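2 protein chains.
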Amino acid sequence: MTSLKYPSLILDETIAKNNIKKMATKASKLGVKFRPHFKTHQSLEIGNWFRGYPLDGITVSSLKMAQFFAKNGWKSITIAFPVNILQLEEIDKLASEIDLRVLVVDEETVKQLDKKLTSNLNVYIEIDPGYGRSGISYSDPGNIQRLVSVINSSYKLTLSGLYSHAGHSYRSRSVKDIRQLSSSVIEKLSQLKTQFEIPVCFGDTPSCSVLDDFGLIDEISPGNFVFYDWIQTKIGSCTPKDIAVAMKCTVVAKYSSRHELLIHGGAVHFSKDADITKDGESYFGQVVKNRSNYWEDPIEGCYLKSISQEHGIVKCTENFFYEISIGDAITILPIHSCLTADLMGSYYTTTGRKISHLSEKII
Amino acid sequence: MTSLKYPSLILDETIAKNNIKKMATKASKLGVKFRPHFKTHQSLEIGNWFRGYPLDGITVSSLKMAQFFAKNGWKSITIAFPVNILQLEEIDKLASEIDLRVLVVDEETVKQLDKKLTSNLNVYIEIDPGYGRSGISYSDPGNIQRLVSVINSSYKLTLSGLYSHAGHSYRSRSVKDIRQLSSSVIEKLSQLKTQFEIPVCFGDTPSCSVLDDFGLIDEISPGNFVFYDWIQTKIGSCTPKDIAVAMKCTVVAKYSSRHELLIHGGAVHFSKDADITKDGESYFGQVVKNRSNYWEDPIEGCYLKSISQEHGIVKCTENFFYEISIGDAITILPIHSCLTADLMGSYYTTTGRKISHLSEKII
Chain A
1 MTSLKYPSLI LDETIAKNNI KKMATKASKL GVKFRPHFKT HQSLEIGNWF RGYPLDGITV
61 SSLKMAQFFA KNGWKSITIA FPVNILQLEE IDKLASEIDL RVLVVDEETV KQLDKKLTSN
121 LNVYIEIDPG YGRSGISYSD PGNIQRLVSV INSSYKLTLS GLYSHAGHSY RSRSVKDIRQ
181 LSSSVIEKLS QLKTQFEIPV CFGDTPSCSV LDDFGLIDEI SPGNFVFYDW IQTKIGSCTP
241 KDIAVAMKCT VVAKYSSRHE LLIHGGAVHF SKDADITKDG ESYFGQVVKN RSNYWEDPIE
301 GCYLKSISQE HGIVKCTENF FYEISIGDAI TILPIHSCLT ADLMGSYYTT TGRKISHLSE
361 KII
Chain B
1 MTSLKYPSLI LDETIAKNNI KKMATKASKL GVKFRPHFKT HQSLEIGNWF RGYPLDGITV
61 SSLKMAQFFA KNGWKSITIA FPVNILQLEE IDKLASEIDL RVLVVDEETV KQLDKKLTSN
121 LNVYIEIDPG YGRSGISYSD PGNIQRLVSV INSSYKLTLS GLYSHAGHSY RSRSVKDIRQ
181 LSSSVIEKLS QLKTQFEIPV CFGDTPSCSV LDDFGLIDEI SPGNFVFYDW IQTKIGSCTP
241 KDIAVAMKCT VVAKYSSRHE LLIHGGAVHF SKDADITKDG ESYFGQVVKN RSNYWEDPIE
301 GCYLKSISQE HGIVKCTENF FYEISIGDAI TILPIHSCLT ADLMGSYYTT TGRKISHLSE
361 KII
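For the protein sequence lines, the chains are A and B, in the order given. Once you know that position 24 of the first sequence is 24 in this note's numbering, the rest is easy, because the numbers rise by one and skip nothing. Once you know that position 346 of the second sequence is 346 in this note's numbering, the rest is easy, because the numbers rise by one and skip nothing.
Worth flagging that the hints you see were computed from the coordinates, not collected in a lab.
Note that the list lumps identical chains together, so a pair holds whenever it fits in one copy or between two copies.
Calculated pairs, DSS-like style, for lysine-lysine (alpha carbon to alpha carbon, straight line, at most 30 Å): (1) K278 to K305; (2) K354 to K71; (3) K111 to K315; (4) K354 to K64; (5) K22 to K64; (6) K234 to K278; (7) K188 to K305; (8) K5 to K156.
Please read these numbers as outputs of a predicted model, since none were measured by experiment.
Looking at chain A on its own, in the form it has when it is part of the complex:
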């Protein structure tokens, strides 16, 4: 497998397909529409693995991603990002071709859309459920009301509903934490749904993974669940056996005095997204056992301790250190699979087949 010559992102198709099946089945069972976020995998082929399940459409995080999936036949796409008015021309064109939905958060942008668009466009009002990143605060119904009115008075804009990302669920460290947070978010969104009589979409991976009741929520749009990653096991969303992607990197040197390995695999492969050890130090990936083609259990005490551009230093237990030789490939679960996949630009399945990503490089 040529992939071992270079740092490679290995994808276990069976696990990913199972993750998709579980989430799609849950959505059906709990009676919510399923509009999965494709920003994690950004792959046409992996996108196609969702076909066959009842989908309401898909979700992406940029115009470029929407154009990419629209070309592949996806007919209903939400760009889960407040609209950038400078992209109006491209949005207008795409809205003439598919059921395009964008997020809006202010009156001025809505008025400009109404004035300049030639196509009809569907918009969600983004609601900040206390995460503090983006959207009108859930506790500001006056502002939401004003935006609803401006949208409703436009001939070109159609209000699809309220969209909300509870990104603060990522601060959870147990299933109980997630449930507590997401229940409170659902309660807030349900109040707004009742008040404004419009559908509500929400869907961070932690909440969608652990909830078994979405209350009044109409649709969900989780993304990371397709692969999960090491941080999701810490949050409480999944177990290591649910993680569908892992990096394989070659050991190029061993340092016996410190039980550390130097691997070819750095910040341009893993990303610098980090988890924190018990001692408060950042680390960038969790070593798992190699199997013939993919991975088994996490090895406690073996982790990607530091990374620079192309170099990675793996801290080892003494046992693991002496099991490994220079030239061996070791397997590391990424902290944050979305960023690792975006950097790697392609996947290799466990049988060595290459799968493309939107970020695939020319060379």
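Fit chain B to the given chain A structure using the hints.
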């Protein structure tokens, strides 16, 4: 300029060319060979800006990068990374075409190279000058001696010298800190040079930027200096006026209650490399004043406070917050230009001309 529709990495050619000129002139003046590291810019065009200065060759951090620049006519290239024996076939081919130099850190790899190569290959022994990342410790001359002997007894390998990266200079926070650290590294390397009677190459950007005497060092290979970045101003290597690249990102929402802006620009653009505020919080970029086409001074109190995949939150002073409108592009100096450039995959000059990067994407 189309680049404003999307997050864009703006390159000020004049500043970059001046940085190149300064470093090349310093190397000549101080009598060291200049073998600049191209991992920061990874661009054929920017590489060409170095031609015309007396170069001993160039330095890169991966085989792929070496192949990329070799195709563009570079005839002497150091891959400043311990050789990965699984890439032997490609290394052998490239070594038959150019003066290729690789790093070695252990006897076993050297023996395998000697056994399997068909071409002649130049090798440096990598020395760890106390950084703790890669190389044989400078304080282990016995190990260095053994490696020198094995290399010297090979017909296919030629010893180019000792190679050393003092990456711990990045922990400096003043010119004085850098000088102190690099003087001690140069002293160690000089002892080894005398003992083994071979050339010594070193060259982190902080040391090369502030030193005005390289002692017994034979060649330098700094890379980041071509652009510098915000962290280099903190380390003490440069001033903000020396920084040649900045991100331009569009403001898509304003939050008056917290004086924060939402921009399109996140971890897939900036990278998650961070600096730390006075309050101990991570941040991901420094806002500077917009000028007609590029940037002026850093604005204290305005910085990229948090990033997720595509979202960035900019913390503002009250004044700056009210100067900015939705749709405006703001300019942000990256924390670490190498990683930002690698993610962005291309540059736009201040006049809007696109310059390619090795990581340029297909779409």
